[in-house]
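Asker: So the sequence lines, in the order shown, correspond to chains A, B, C and D. Using our numbering, the first residue of the first sequence is number 1, and each one after it goes up by one. Using our numbering, the first residue of the second sequence is number 1, and each one after it goes up by one. Using our numbering, the first residue of the third sequence is number 1, and each one after it goes up by one. Using our numbering, the first residue of the fourth sequence is number 1, and each one after it goes up by one.
Accuracy of the hints is not assured; some may be wrong.
Since the list gives no way to pick one copy over another, a pair counts as held whenever it fits inside one copy or between any two copies.
[As the list claims (entries may be wrong)] In silico lysine to any residue, SDA-like type, Cα no more than 20 Å apart, as pairs:
1) K324 x R335
2) K148 x G91
3) K67 x V4
4) K20 x L261
5) K36 x L62
6) K324 x G334
7) K118 x E145
8) K202 x S176
9) K67 x Y32
10) K155 x E60
11) K278 x V88
12) K67 x A245
13) K36 x V4
14) K36 x P64
15) K116 x T157
16) K36 x V63
17) K202 x D86
18) K70 x T320
19) K67 x T54
20) K202 x E325
21) K67 x T81
Calculated directly from the structure, the hints in this document are not laboratory data.
This is what each chain is made of:
Protein chains: 4
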Amino acid sequence: MIVVMNQNATKEQIINVEQKLIKLGFSTHPIYGEVKTVIGAIGDKRLLNTQEITAMPGVENLVPIMKPYKLASRELIQKSTIVEVDDVKIGGEEIVVIAGPCAIENEDNFLDTAIKVKEAGARILRGGAFKPRTSPYSFQGLEEEGLKIMAAARKVTGLKIVTEVLDTRDVETVASYVDIIQIGARNMQNFKLLQEAGSTGKPILLKRGLAATIEEWLMAAEYILSSGDSNVILCERGIRTYETATRNTIDMSAIPVVKELSHLPIIVDPSHAAGTWKYVAPLSKGAIATGADGLIIEVHSDPSCAMCDGPQSLKPDKFTQLMKELSLVAHAVGREI
Amino acid sequence: MIVVMNQNATKEQIINVEQKLIKLGFSTHPIYGEVKTVIGAIGDKRLLNTQEITAMPGVENLVPIMKPYKLASRELIQKSTIVEVDDVKIGGEEIVVIAGPCAIENEDNFLDTAIKVKEAGARILRGGAFKPRTSPYSFQGLEEEGLKIMAAARKVTGLKIVTEVLDTRDVETVASYVDIIQIGARNMQNFKLLQEAGSTGKPILLKRGLAATIEEWLMAAEYILSSGDSNVILCERGIRTYETATRNTIDMSAIPVVKELSHLPIIVDPSHAAGTWKYVAPLSKGAIATGADGLIIEVHSDPSCAMCDGPQSLKPDKFTQLMKELSLVAHAVGREI
Amino acid sequence: MIVVMNQNATKEQIINVEQKLIKLGFSTHPIYGEVKTVIGAIGDKRLLNTQEITAMPGVENLVPIMKPYKLASRELIQKSTIVEVDDVKIGGEEIVVIAGPCAIENEDNFLDTAIKVKEAGARILRGGAFKPRTSPYSFQGLEEEGLKIMAAARKVTGLKIVTEVLDTRDVETVASYVDIIQIGARNMQNFKLLQEAGSTGKPILLKRGLAATIEEWLMAAEYILSSGDSNVILCERGIRTYETATRNTIDMSAIPVVKELSHLPIIVDPSHAAGTWKYVAPLSKGAIATGADGLIIEVHSDPSCAMCDGPQSLKPDKFTQLMKELSLVAHAVGREI
Amino acid sequence: MIVVMNQNATKEQIINVEQKLIKLGFSTHPIYGEVKTVIGAIGDKRLLNTQEITAMPGVENLVPIMKPYKLASRELIQKSTIVEVDDVKIGGEEIVVIAGPCAIENEDNFLDTAIKVKEAGARILRGGAFKPRTSPYSFQGLEEEGLKIMAAARKVTGLKIVTEVLDTRDVETVASYVDIIQIGARNMQNFKLLQEAGSTGKPILLKRGLAATIEEWLMAAEYILSSGDSNVILCERGIRTYETATRNTIDMSAIPVVKELSHLPIIVDPSHAAGTWKYVAPLSKGAIATGADGLIIEVHSDPSCAMCDGPQSLKPDKFTQLMKELSLVAHAVGREI
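Only chain A is shown next, with the shape it has when bound in the complex (with noise of 0.2 Å):
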């Protein structure tokens, strides 16, 4: 960690900074620059509320050299992560794809569905039971009921489900019915959720927040990790920008700069960036491309009557024929779907 101190902070303010830093256990090393002072502390930072040194007086500003967040970084864990769900393992050499409707509307179109992305490839299920919906008024989900119909479809697919969790009431229902519980964008700094859902052990996928940084995505992560459960799959699903052309836009650079600061794997969520199932399928070969270790895609077998996210989700014959065209790409980067 390096303390900057302003121009004209006194001799006395930068002693009592060394004096404070050195009470909490870190080794002092000032430089006097022409203009400016600073003053390295080694130590480890994560243990420290560096707040009480940046409101010292004569303080400009304090720059961190090691990353906040550790179970998640690559400085410490240096071999990349595989989640295993059963034998689906996602973030090794096959690309796994997750799909299914945005929400479960009935018991029929669900199976329906789940029967085609099965055969089109699909590794993992899913499926809206309880929809964090941005209106009062917008259908919200089955709950329960909906869990207990994704339930029956795995037992016919053998399909891996999963499913987004709202409230921390709700954490260990979710978890006694699917394989993997989902974060959602609205929910990544939600911390009580994120420790609650880790307790239970189950793989989380972490959706990243709507405005988040990289770098607090990896410490909603790491709050999960910290939790006691090391099986955290990221979920890249677009950023808010100015730009409205698409819903959202997607960040295929997080891609590679996950893949340096972090072990754990990451995958794509092109129905959400868009906003519009015209651009799914480019995107999800640029994803792939570009490394991505899955995708998750919205696919109704009747867009128009969904009840959420219709616009954005592929009919099955279109997934059918991506998939084809998926894997081709895959093999040009390496890798198997």
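Since the structure of chain A is provided, determine the placement of chains B, C and D on it from the hints.
Answerer: Okay, now just chains B, C and D, sitting in the frame of chain A:
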């Protein structure tokens, strides 16, 4: 609502959309342009899953004419709402100032700060008992112990008290202690928490999400209002932009925009917006001159020992001085403090 | 065009707007909703100063139905444009790679790099002679001397050459040396420069502005196209967002969006987007798989001696390796490199 | 300057960086942490192409300690600059208001508006003769004819005049007519134009770019200042964010930030920030209370006939009323208008 058909939409597709709209209870008014057809649809969009339309073949996009929120809108309620917390009225002629430390650390410090902000003219006392922290290794708050300290400070000073709640499971406990429940920026779209807090009937201080549009913010208010609670106070606290000179970018224009779109009162949090105490005074004056109904300001008797957000906290003497200056600005715009 | 009247608009205000529209050559179709009135206006918005309408009493807002650009739109020209620079065709089956150093520093280095990128498979040579630098104290380029070095390198290698122009006064000189004129991100809305460059008739490589919407970008292309030059190549180079892990955030979804809205070819600049060579390879592969028509990549034989943008430059051997990998990805999406 | 070496940097890489720094004239102070090494380098970064260091093997990143701008910084010049345009002083005790229409349309209208804003208390007259328009089909301004109309209005009213210049080729002509030259937001990084305008010695009104950081804005001022012109007035006019309720998001915190980092005066343009006249009054009051040195406000005698930006223009009577209200706010913060 206006449905815009794309340039190549067939006659059949246009008819299908019209029939769907009619089936949904709308009356339709197609306009055939030189290149594109648009269909005006009269009826209440709030009752509709608009995506059913957007996902239909031939539809380019859909333009809402009415706001998606209703109870929060000035279209419905033209008279400005005044939220009353006993004798403290937010949204009226008086500018209400809320002050106190970020986190409650111990009873002595908290009471000391409480007495000082009361003397300076604050009407409501803030303090964090449950803290949403980016890092799992940071101080997370005193929890119920903190609530008891707040209640004790209320007894001594007569100030009303407000604190943030993070988890649906804590809402009932928090509501039993405080006068106003705060929903923080990170939880603005934690819809279950909004509903749970709304169902207590307590006044709710609803912070704007870090990257929330004003429309999404008013939709979050709608969640609370539709839970039966009519006492929502909006709080602008800075949004995330590319600029890094301040922690967040205070959106001062949100004040007149909210005043136009909604009947709810709006206050400003200059401390979290700026991230440093140095800019709190000018932004506080600016907020009042722009038309805010109040302020929430962090005050700590020893910022360099604060366990949270020390750098953005004012010392009590600076706060006292600021209150005097704010009084002049309030008078200049026809209000009192 | 749809004019939305506000809730309290009077009958007289509605009539005034209709009469104004009729006077401007539109035919009008009012729709009287339960709460608001909207007026459909048929005619060409591009001929209209829409603000005349928006500023009228009682008008809430105005919704355009047609795109504001015409010559750049696929609504007008449905066949994809292929920009031909002699035998190099941009926008066709071949993926065209442009490569070279950020700035031209001296003839030997530049020629050396030129020969190497040619051998690796690049078709066009880039190099900066006039450099837009954030600091007035940074190297500003060799100017015309640099153009001569480029021309010499073209003679030796047979590569086409492209360079940026910054000042209307230099357009004629630049056009006399190069095959393609580049308009940089900072000048995307330097309308005089767009017109001057367009009037040369040379192919124009138009970079997207740092915070330009896709619509504004196509409007900038419209400036060039309406100057009589039909050879515009669009270049996505990252946009400004809140994320700081990369210099800019590459907007990969701009590729399919531009393909849908416009007939112009689009290439991607992963070097400026990422700001570091480490992410250039994955983003290049991602761009091609997403559907880009080409790439522009910074290559420098000794990045740590580069006078500009060294950190984002690939060494020639890494570039050669990348070109081989890109070839596989190009084939996977049915194209060649 | 601090150079942070990455975790796996070899001893040799560290020595190479030190030797390079010494060769560049720095004295070096390495600090060996438990995991990473950082090297403090004392000397003036402004003389350095820092990328030479960043691109060296083993370097993680580089942390500047001094600001990249010098002449614009308060680190160098601690006394606030007052820009004098004859008897009008910008940056002193008086709040200076600039007013007038977006574009000059004809002499009668312009003179009429000029007389009215003069009577209301404006000190400087604005008007656009060269207009940067997003669409090539929009009105582009009267050019030199417009400058003549401005000069005539100055003669009648005694107001100083300011207009925007877009092209280096027009700088001399514009400078021969006006008292202050404006550089618009789109040209904030048109470095050739900055230098050309700076070389006239005229006061320059430098608008902040649409997505410019405050640091980049001060670097643009540095271009002008380093051309020998010390009279730069900064103008905040809203930045681009995800929020669409206003045309741009006014960054009110830029006022105290600029006051801290620079000695240059700063004014605010609420008209372009908001994009609608409805929010101009509250934002004008807010800007003054926050500490702005002046305002630039669009005023048009018949907004619905304006050829440019009518919706954001105040009518003269509303402007007169606003000036009275602003006077009260100015007094409340110890200034005059």
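Asker: Indicate, hint by hint, whether the structure satisfies it.
Answerer: Now the hints, each set against the structure:
no.: 1; hint: K324 x R335; in the structure: both (14 Å within a copy, 17 Å between copies)
no.: 2; hint: K148 x G91; in the structure: neither (29 Å within a copy, 48 Å between copies)
no.: 3; hint: K67 x V4; in the structure: both (18 Å within a copy, 12 Å between copies)
no.: 4; hint: K20 x L261; in the structure: neither (31 Å within a copy, 28 Å between copies)
no.: 5; hint: K36 x L62; in the structure: both (13 Å within a copy, 17 Å between copies)
no.: 6; hint: K324 x G334; in the structure: both (16 Å within a copy, 13 Å between copies)
no.: 7; hint: K118 x E145; in the structure: neither (22 Å within a copy, 52 Å between copies)
no.: 8; hint: K202 x S176; in the structure: within (10 Å within a copy, 35 Å between copies)
no.: 9; hint: K67 x Y32; in the structure: between (26 Å within a copy, 17 Å between copies)
no.: 10; hint: K155 x E60; in the structure: neither (60 Å within a copy, 39 Å between copies)
no.: 11; hint: K278 x V88; in the structure: neither (29 Å within a copy, 30 Å between copies)
no.: 12; hint: K67 x A245; in the structure: between (34 Å within a copy, 12 Å between copies)
no.: 13; hint: K36 x V4; in the structure: both (8 Å within a copy, 18 Å between copies)
no.: 14; hint: K36 x P64; in the structure: both (18 Å within a copy, 12 Å between copies)
no.: 15; hint: K116 x T157; in the structure: within (10 Å within a copy, 53 Å between copies)
no.: 16; hint: K36 x V63; in the structure: both (15 Å within a copy, 14 Å between copies)
no.: 17; hint: K202 x D86; in the structure: within (12 Å within a copy, 47 Å between copies)
no.: 18; hint: K70 x T320; in the structure: neither (40 Å within a copy, 36 Å between copies)
no.: 19; hint: K67 x T54; in the structure: both (18 Å within a copy, 19 Å between copies)
no.: 20; hint: K202 x E325; in the structure: neither (32 Å within a copy, 37 Å between copies)
no.: 21; hint: K67 x T81; in the structure: within (19 Å within a copy, 41 Å between copies)
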